[in-house]
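Visitor: Starting from the given sequences, assemble the full structure and let the hints guide the process.
Going down the list, the protein sequences come from chains A and B.
Residue numbers for the first sequence follow our numbering, beginning at 156 and rising by one.
Residue numbers for the second sequence follow our numbering, beginning at -8 and rising by one.
No lab work stands behind these hints: they were computed from the structure.
Check before you lean on any hint, since a few could be wrong.
Claimed, not checked - Quick list of the computed label-pair ranges, beta carbon to beta carbon:
| # | chain 1 | residue 1 | chain 2 | residue 2 | range |
| --- | --- | --- | --- | --- | --- |
| 1 | A | S244 | B | R51 | 39 to 45 Å |
| 2 | B | H43 | A | G255 | 33 to 39 Å |
| 3 | A | D247 | B | E34 | 21 to 27 Å |
| 4 | A | E195 | B | L46 | 19 to 25 Å |
| 5 | B | S32 | A | G289 | 24 to 30 Å |
| 6 | A | D247 | B | S49 | 35 to 41 Å |
Stated by the list, open to error - Chain B stretches covered by chain A per the calculated footprint, using a threshold of three residues with CB under 8 Å from any CB of chain A:
| # | stretch |
| --- | --- |
| 7 | 28 to 38 |
| 8 | 45 to 51 |
To be verified - Derived list of chain A stretches under chain B, where covered just means 3 residues or more per stretch with a C-beta under 8 Å from a C-beta of chain B:
| # | stretch |
| --- | --- |
| 9 | 186 to 195 |
| 10 | 229 to 235 |
Bear in mind that the values here come from a model prediction, so they are computed numbers and not experimental data.
For each residue, glycine too, the CB sits at the ideal point set by N, CA and C.
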Amino acid sequence: MRTAALALALALLASGCVSAQQTARHSLAVAAVALRETDELLAPRYAAASGEALGSSQTRAEYDAAMHLWDAAESAERAALLALLSLESLADAWTDAGRGFLAAAPCGLQTLSRLAEALAVVGVSLGPLSGALGALSNYAGTCHDSD
Amino acid sequence: MTPTEIARTALDVVGALIEVIRAAEEAARGEDPARVREVLSGELLTSARRAHAELEASLRFRER
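Guide: In structure tokens:
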């Protein structure tokens, strides 16, 4: 619900006379709250899956195979965390044109999209993240990362 | 729905609306939003669960 409130606030910002830097900061806040809420949803599901995998696996390879998709979701979540921290640093170092942030924002959005895909694969609700992805869609574009 | 459930749902809705209004007011005043590094301070819960689970797996399936 807090994500929805922040998304609404962001929509209000977009319609008002608020600086691009401030809008970017609000977008990052929406995404950060969504990631925290997603983490709170994912963590108990991961723990349950690992407990089940430990009980049913006879070898480490079997365990790793059983946890593969859950580990991918956790990795995607960590990548999203790093992307948001990086974007916040760029927002802090905002220049008049905001070039650094605006150039990197599509990569951050892509990272969150990958997390959404990984969560969908393991059947974890996208609730908070879908709101953040909508709020950040203003920054869609081409990500020029080598990855 | 029982009267208690209806009352609880109504309270939830009111609480949510208050939160939305508060966030909108904050945005309108141009106050600084939350910082990513504060919202996401500390280790992710899922990462902590994974580290714990992998330790358990290592102990259980350790090479003999």
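Visitor: Which hint numbers doesn't this structure obey?
Guide: none
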